[in-house]
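Undergrad: If you read the sequences in order, they're chains A and B. Going by this note's numbering, the first residue of the first sequence is number 1, and it counts up by one from there. Going by this note's numbering, the first residue of the second sequence is number 1, and it counts up by one from there.
Be a bit skeptical, because a hint or two may be false.
Using C-beta positions, here's what the derived DEER-type ranges look like [claimed, not checked]: (1) A:Glu-19 - B:Asp-69: 17 to 27 angstroms; (2) B:Glu-245 - A:Thr-26: 37 to 47 angstroms; (3) B:Ser-92 - A:Phe-66: 51 to 61 angstroms; (4) B:Lys-93 - A:Leu-213: 22 to 32 angstroms; (5) B:Glu-128 - A:Phe-21: 29 to 39 angstroms; (6) B:Ser-92 - A:Lys-2: 49 to 59 angstroms; (7) B:Asp-57 - A:Phe-7: 39 to 49 angstroms.
Everything labelled a hint here was simulated from the structure, so no lab data went into it. Even glycine gets a Cβ: it sits at the ideal position worked out from N, Cα and C.
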Amino acid sequence: MKSLGKFLIFAGQLFVRRENFSTYVTLTIDECIKVGYNSLFIVTIVSVFMGAVTTIQTAYNLVSPFIPDYVISLVVRDMTVLELAPTIMAIVYAGKVGSNIAGELGTMRITEQIDALEVMGINSTSYLVLPKIIASMLMYPMLVVLSAFLSIYGGYLTSLATGIISGHDYIYGIRYDFIEFNIAFALIKAFVFAFLVAAISAYKGYFTSGGALEVGQSSTAAVTNSCIAILLADYLLAQLLLG
Amino acid sequence: MIEINNIKKSFQGKEILKGINGTFEPGKCNLIIGSSGTGKSVLLKCIVGLFKPDEGDVLYDGRDFSHGDKEAQTEIRREIGMLFQGSALFDSKNVEQNVMFPLNVLTDMGKEEKLDRVNFCLQRVGLENVNTKMPSEISGGMKKRVGIARAIVNQPNYLFCDEPNSGLDPQTSMVIDELIDEITQEYQMTTTIVTHDMNSVIEIGQKVMYLYQGEKLWDGTNKDITHSGVKELDDFVFANRMMKEFR
């Protein structure tokens, strides 16, 4: 409860004594490059292989003359859109971006860079953390859309390469009985997860004290706590919006 | 002038500062000295507002800093420059961007004006042609100079230095001390320096406060420090062999 209270006070500090708008625009663009553009490589690799493996494993489990082939890609599509792209990528995102945020802020804390901002009369919470949260909430949904596309495309390439399912059937399955709300649901999850990863990681990094060892511990705690928060939020959102 | 009245601060039940009183005068280097762990840095952080004192007041030219609201504190803080022990330069910014940072955030100056001011400050601390270097590419002494340039770029009324000589060789330490002293007199700033370096005390200690186990035991000038009559201060001042022989 003490940590939750401290976190809420920390979150409240984001919106008081702010600097001018243009400062935040510049900082947010820089952060967008760090959290979004710099994550493209890992997102691409993980997504393509995720789609490929999902296609093979779904085909392996649906070997029956009564089940049409296009069901494989239909399952891949729904799994990707509903869970794999927003949630599994959020775990990857927490590992890459969350640890980076915590490490950066933790190092700034122990080298007195945050104190330097405070002495200048700058609200360090708002100045350092708010752009990271905004950038995360802007970029992660885009990464989820890209991930979903690449994952489905990875499945398509696998089906062509292995002959598990024909290209025509794969496309048919992808388009069959499509529910638009699933995309909205994935994006809602993406917004929530992006906030959780950035806010929790920033909180862990901002309150680091000690030295290099503690910075490492903060990064680890940031990833662990972000993953737990993602899974809890995933369950709650599924129950609220799909249950 | 900065006044501190009855400053007390405890951490986890342990009293670090036990009611410190004192004044720091403009146009002078005001030194806070004492052995490690006596509360010098804690006192400095209480004065600049990085720690909130449990009791007591901090007044900047009569303006209450410790009990003022956030807005009032921010106003005073914008008149403060500070040099940190490890320089605290922003790793992701080069020298020019570091020095320009307070101007970017706190003023409406144009780009050319800011650049002129940054170059003036860098020249003032004896640094040239280092604008594009990253903090990781310059020496400890240069980092201190950049830290001083960043601290004075906004023409502060109050300058604080936390162990400005730590990690520097004696010659570079003297250069940094002289630089701080010159700047203090040039801009008539109220400069407060935390140090345990006796060379600094001898060179620039126009006003010295000695802390011992969280209490102020003595204050005076560097001329009086060798005959203070305070045993703990004598032990501190004459700690090394050379000073003992001098004594």
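Undergrad: The structure should be examined with respect to each hint, and the outcome stated for every one.
TA: For each hint, the structure was consulted:
no. : hint                                     : result
1   : A:Glu-19 - B:Asp-69: 17 to 27 angstroms  : holds (18 angstroms)
2   : B:Glu-245 - A:Thr-26: 37 to 47 angstroms : violated (59 angstroms)
3   : B:Ser-92 - A:Phe-66: 51 to 61 angstroms  : holds (60 angstroms)
4   : B:Lys-93 - A:Leu-213: 22 to 32 angstroms : holds (26 angstroms)
5   : B:Glu-128 - A:Phe-21: 29 to 39 angstroms : holds (35 angstroms)
6   : B:Ser-92 - A:Lys-2: 49 to 59 angstroms   : violated (32 angstroms)
7   : B:Asp-57 - A:Phe-7: 39 to 49 angstroms   : violated (32 angstroms)
In the structure shown, a violation is registered for the earlier hints numbered 2, 6 and 7, in ascending order.
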